[in-house]
Every structure is written in C-alpha cells, then in structure tokens.
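**Student:** For reference, the chains in residue letters:
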Amino acid sequence: MAQMNMIEAIKDALRVELKRDPGVLLFGEDVGKVGGVFRATEGLQAEFGEQRVFDTPLAESAIGGLAVGLATQGFRPIAEIQFVGFIYEALDQMFVQAARLRYRSGGRYNAPIVFRTPFGGGVKAAELHTDSLEGLAIQTPGIKVVVPSNPADAKGLMISAIRDNDPVFFMEHLNLYRAFKDEVPEGEYTVPLGKANVVREGKDITIIAYGLMVHTAIKAADELAKNGVSAEVIDLRTLVPLDIDTIVASIQKTNRAIVVQEAQKTSGAAAEIIAQINEKAILHLEAPVLRVAGPDTVYPFALIEDAWLPTPARIVKAANQTLQF
Amino acid sequence: MPNLTDEQLKEVMYRMVFTRTWDDRAVNLGRQGRLGFYAPVSGQEGTMVGSEYALTKEDFVCPGYRDMPQLVWHGLPLYQAFLYSRGHQHGGQIPEGVNVLMPQIIIGAQILHATGVAMGFKLKNEKRVAITYTGDGGSSEGDFYEGMNFAGSFKLPVIYFVQNNGYAITTPFAKQTAAQSIAHKALAAGIRGVKIDGMDVLAVISAVQEAAEIAREGGGATLIEAVTYRFRPHSMSDDATKYRTKEEEQEWTLRDPLVRFGKYLESKGLWSEEDTARVKEEAKAAVNEHIKKAEQTEKMTVAGLIDSMFETTPPHLEEQKADF
Numbered sequence: 001m002a003q004m005n006m007i008e009a010i011k012d013a014l015r016v017e018l019k020r021d022p023g024v025l026l027f028g029e030d031v032g033k034v035g036g037v038f039r040a041t042e043g044l045q046a047e048f049g050e051q052r053v054f055d056t057p058l059a060e061s062a063i064g065g066l067a068v069g070l071a072t073q074g075f076r077p078i079a080e081i082q083f084v085g086f087i088y089e090a091l092d093q094m095f096v097q098a099a100r101l102r103y104r105s106g107g108r109y110n111a112p113i114v115f116r117t118p119f120g121g122g123v124k125a126a127e128l129h130t131d132s133l134e135g136l137a138i139q140t141p142g143i144k145v146v147v148p149s150n151p152a153d154a155k156g157l158m159i160s161a162i163r164d165n166d167p168v169f170f171m172e173h174l175n176l177y178r179a180f181k182d183e184v185p186e187g188e189y190t191v192p193l194g195k196a197n198v199v200r201e202g203k204d205i206t207i208i209a210y211g212l213m214v215h216t217a218i219k220a221a222d223e224l225a226k227n228g229v230s231a232e233v234i235d236l237r238t239l240v241p242l243d244i245d246t247i248v249a250s251i252q253k254t255n256r257a258i259v260v261q262e263a264q265k266t267s268g269a270a271a272e273i274i275a276q277i278n279e280k281a282i283l284h285l286e287a288p289v290l291r292v293a294g295p296d297t298v299y300p301f302a303l304i305e306d307a308w309l310p311t312p313a314r315i316v317k318a319a320n321q322t323l324q325f
Numbered sequence: 001m002p003n004l005t006d007e008q009l010k011e012v013m014y015r016m017v018f019t020r021t022w023d024d025r026a027v028n029l030g031r032q033g034r035l036g037f038y039a040p041v042s043g044q045e046g047t048m049v050g051s052e053y054a055l056t057k058e059d060f061v062c063p064g065y066r067d068m069p070q071l072v073w074h075g076l077p078l079y080q081a082f083l084y085s086r087g088h089q090h091g092g093q094i095p096e097g098v099n100v101l102m103p104q105i106i107i108g109a110q111i112l113h114a115t116g117v118a119m120g121f122k123l124k125n126e127k128r129v130a131i132t133y134t135g136d137g138g139s140s141e142g143d144f145y146e147g148m149n150f151a152g153s154f155k156l157p158v159i160y161f162v163q164n165n166g167y168a169i170t171t172p173f174a175k176q177t178a179a180q181s182i183a184h185k186a187l188a189a190g191i192r193g194v195k196i197d198g199m200d201v202l203a204v205i206s207a208v209q210e211a212a213e214i215a216r217e218g219g220g221a222t223l224i225e226a227v228t229y230r231f232r233p234h235s236m237s238d239d240a241t242k243y244r245t246k247e248e249e250q251e252w253t254l255r256d257p258l259v260r261f262g263k264y265l266e267s268k269g270l271w272s273e274e275d276t277a278r279v280k281e282e283a284k285a286a287v288n289e290h291i292k293k294a295e296q297t298e299k300m301t302v303a304g305l306i307d308s309m310f311e312t313t314p315p316h317l318e319e320q321k322a323d324f
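These protein sequence lines are chains A and B, in that order.
Quick note: the first sequence uses our numbering, first residue 1, plus one each step.
Quick note: the second sequence uses our numbering, first residue 1, plus one each step.
I should point out that these hints are in silico values taken from the structure, not numbers from a laboratory.
Hints are not guaranteed to be accurate.
Negatives, chain B to chain A, calculated, CB over 12 Å [said to hold, decoys possible]:
#: 1; residue: R128
#: 2; residue: V279
#: 3; residue: P315
Using 20 Å as the maximum straight-line C-alpha spacing, the simulated EDC-like pairs for lysine to aspartate or glutamate come out as follows [to be verified]:
#: 4; chain 1: B; residue 1: K284; chain 2: B; residue 2: D24
#: 5; chain 1: B; residue 1: K321; chain 2: A; residue 2: D245
#: 6; chain 1: A; residue 1: K280; chain 2: B; residue 2: D323
#: 7; chain 1: A; residue 1: K195; chain 2: B; residue 2: E318
#: 8; chain 1: A; residue 1: K265; chain 2: A; residue 2: E201
#: 9; chain 1: B; residue 1: K321; chain 2: A; residue 2: D306
#: 10; chain 1: A; residue 1: K195; chain 2: A; residue 2: E127
#: 11; chain 1: A; residue 1: K195; chain 2: B; residue 2: E311
#: 12; chain 1: A; residue 1: K280; chain 2: B; residue 2: D24
#: 13; chain 1: B; residue 1: K124; chain 2: A; residue 2: E50
The structure displayed is predicted, hence computed values, not measured ones.
Glycine is no exception: its CB is placed at the ideal position from the N, C-alpha and C atoms.
Hey, can you work out the whole structure from these sequences and the hints?
**Tutor:** Right, here's the structure in full:
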C-alpha cells in the first residue's frame, strides 16, 4: 500500500475511475492544466486529454447545469466547485436540478454526478472559502452527502460516489488535504456510502463527528482517557445516508453521547443526529445528547477562526457535562 | 422560404390547428379541475410548432414551462403531458427514444441543461443539436448568459430559442432590458444572434433549420429571438386585462400565425376551412381520449414517491414509508 495524503488519495480515486469508465468527465474552474487550486486533479488532463478533463468559464451555475445536461446523455460528470461558498451560485443546479432529476422523470433520467468542493476552517483562507454548508445539503431530498476524514476513506468514498447513480455532494476538508499521510489501498478500492466507522472503541461516552472534527474528537478522547474516561469515537463518513445503526449500537453500550460539528449549531447535521437518537435510543440515554458546534454567526474567516472552531477542550467540557449529568 | 414540400406545409398547418384546439380544450379542462397548472400557448403556435418541425427526432429539446407542444410533437404522448400538468410522475417518464427533458419550472435552468446535452453530442461526435426555450423574462436570468457563454467558449451545437411574447407574466418587455433586442445579447457570448417574426411559422422554420445546419457542421450556437404574443393570460390564474390593453390584444390577433399561414396555404390551394374543421374534430377527439387515459392511469402513492428519490431507497426513507 502506498502512503498518501488526502489530496493524493482523491487524485488517485479520480484517476482510477477516469481510466475505468470512459463516461467519467472531470471539469470546473482551473482543474485542467494546473490541476485545480489545490492540485487535486494535477496531471489528469495530461493523462486523459482535454475532452475528459477540462477547465470551464467561471460560472458555478453553468458548471452544475452542464453536469446535469451531460448526465442525461449517459456521462458521469465530476464537477468541481472551487470553494464551498461558491456553491451558493450553483444551488439550483445541485440541489434542485440534479437532486430532482430522478423524481421529475419518474426514473427515466438520473444524475450520477459528484459535486466536489473543498470546505472547512482553520487554514486562514479568504471569506466564504471555508464555511461548512453540509446542513443545506442534508435537508435537500435526492442528494447524498459525503465528508471523508482521512486519505483511505477519501479514496474509497470518492470511487463509490463516482459509481453511484445519484448525485453526491462530496465535501473535502481543506485542513485535511495535506495534514498527514496514511496507507491507501491501490486500485479499485471502495468504501460504501452510508457506513460509519468506529475509529476508537470506548465504553463511557460516544463522540460522533465527521470530517476534520473526527481528529479533534480523537484528541478530546485522548484527554478524557487521562482522567480515566473511555470515549468511543464514530466517524460518520457520510451524512446522507446516515448510519444511525452504528450510532445506536454505540449508545446502547455507552449510554451517553455528544455530537461535534464545525458548522453553526442550529438545524445542522448534529441536530438531525440527535433527533434520530431520540427516536431510536432514548431509553438507553443517561443524559441529554449535547452538541459541540460553531456559534450561529457567519464564519469568521482568518483572524478569529481558531477561537470559533470546536476544540478538544470544548469537547472535553461537553463530555464531562454529560458524564456528570 | 424553407424548402418544404406541399405535404410538409400541410403538416405544419395541421399541427398548428391541432395545437390551438388542444389549447382551447386544455383551458376548459383546467377550469373543470381536470388539469393542474397549465400555461396557455395560443398565439405561439408559430414559434412552438415551427421550431420543433425544423429539427430531426434525434435532436434534443430542453423546454421551459410553456413548451409542452414542442415535447408532444417531438414524441411525448399527449396523455403524459396531461399527467405532468396534474402532478403525476408518469408525465415525466419520457419514453425511450423521445429526446426531450420535462418542462422546466426554474426559469433559465434548462438553458444550462441544453448546453450540457450539446456538449455530450460534441464529445460523442454525434451530429445532433440541442434546442432550449425561454421567454423574454428568461433572457434576464444569469443562467441565460452563462449558458450562451459556455456554448460560445466550447463551440457547442445548441440553439437558444427565445419566444419574446412581450410580457414576463405582467412585466412588459420595455422593463426587461435596455438592450435593443434580445438577439443582441448573443454578441456578448460570441455566438450568432438573429431576430425573427415569430408569428410567421415559415420564418421560424427557416431560422431554426439554418441554425441547426450551422451547429451540425461545427459552427456553434445560435440565439434566436422570435417575436410573438400569447393571446391568453400567463396562466389560468392570471388576469391579462390588468396589464394589456384590448387594442393591443386585437392588433396581435391580426397577426395570428394560424390565420397568416392558413391564408398562404389557401392561396396555393393547399388548405381550406373544411380542413381546419376536420383537424379541430380530430384534435378534440384526441384530447378526450388522452385526458381519459390520463385519468385512468394508476394513481401515484407516497411510497412510490419515496422509492423514486434514489436508485436504491436508503434505510431512513424505507422507514418513513411505514407512515403511508
């Protein structure tokens, strides 16, 4: 197995699928010649040609609409939206046109599209480059939402997303792109959509997270362990479909849980997860399930973002509150 | 003048009269509650029938919400058009081999789909053309500019067909843009732009044939602005007397595409009032048959709806079915 960072793992997944399926196309702003602003597609145009991997004019709605039109003609588009804040320009095409195509046509057409976008804070980027907008997507019927936390998952989930016959919003955390290298299986490695991963086993409390927050949660778990608290950490991997069974199984064991998300607190993934825990596991709970999240403000780029983002200390505090309830 | 045989000219007239009769009947069916949302088409038969007739069945139609006639003449069974109006999913289940998308509600979204479809044709080296429709209001949407700009940049085989009927629901064209014409907007995208009389079905056929030929030969996209008029309100819940004068409506009635083309065919001895009467009867019978078929189609269920969201229904949706 090769050692790769997340960017290399994503590129590897894209290459595997471009090679395997001539219907796979990859396009967006600056993805062709230079391989995107983060070089996730570097070298792919040289390898597969300008017909398969190409730059578009700068217009996110048209990038989304192009993908939908191509999907109706049997292609499998991978459309890159350069930074997460730019999806606002493409919301109709992503969350209405692609997400409703199967319903609107009674299954005659479908949209096997991956909308890739980098997101997530802590890298001192410009305004509207690093927000966490998964909440918009999870409330939208008809689109799957994937948020990998490590290189191997990024590759395996990306290949599954490309092969999926429905649209997938694939969110790549900026702060994980080059954070670390890990072993990544070669070739056609897949991780199924809708299956969470218990990344650390524990018995006292369950910490549910996704994306970069998985790593923040692990740091918190290390801190908790120093005080003799054994925390289980679940990496959701995909928010839609949500693997509620893995969450419930964990809570049946720990009887306590907290949910960590980088996004603003209200009406996000954490709120939905807690609602489902209430529906399926309330009798196993010894304490209310708390959220550790960003406050309900705009995302403050650069200067105070580190203070804004959930930290291991905030997770430890919430865990202790839950344990002492 | 397009190069059409006498039989083809008669076929165009047949389709226009059929469409007018269908529209009259649909308005009544709407009032009876047998159709849902319906956008009337009378007055625009020249642009709708003519533009579709100029293409081949292999070409691909991405319509706006009013463009049901193009879909039906391209091959969508009429009862499915009625089912779509009623909110039944089978209305959008386009039969295999019929190259159309469902009517689009978000004004302008289909412009980008046609651009993508055209790119698909180009990538597959198919000599096919995509056509998409919008109105004068739609020409103000960002998607309109984005689509044309992409088509210019990638040199795509696509026709952007704007039916300028003078009003975006109630807003008059004069308030829509300060541009001299919609056709001028093609210049900014580096594609062809032409403006035609949309009440002249032969002018419509000529313009679309020429645009399609250029597109098929690799010459890229064309924006066609066809000036037309809808005789009826925007929809059945709109009152056109609040924003249009009787005089203006009467003036446009004089340019009725059916009357103009009918007179031309009569002068050539190809059409008569009896022909019109016969087609009307045929159309009425067809509408009756298809509305019955629509009404007899198996009803939609919420469980079926749930299963139409994804290829494989995920567990959370499977669970939600239990409530229905």
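**Student:** Run every hint past the structure and note whether it holds.
**Tutor:** Going down the list of hints, with the structure as the test:
no., hint, verdict
1, R128, "violated (10 Å)"
2, V279, "holds (31 Å)"
3, P315, "violated (7 Å)"
4, B:K284 <-> B:D24, "holds (9 Å)"
5, B:K321 <-> A:D245, "holds (18 Å)"
6, A:K280 <-> B:D323, "holds (16 Å)"
7, A:K195 <-> B:E318, "holds (16 Å)"
8, A:K265 <-> A:E201, "violated (26 Å)"
9, B:K321 <-> A:D306, "violated (43 Å)"
10, A:K195 <-> A:E127, "violated (33 Å)"
11, A:K195 <-> B:E311, "holds (17 Å)"
12, A:K280 <-> B:D24, "violated (55 Å)"
13, B:K124 <-> A:E50, "holds (14 Å)"
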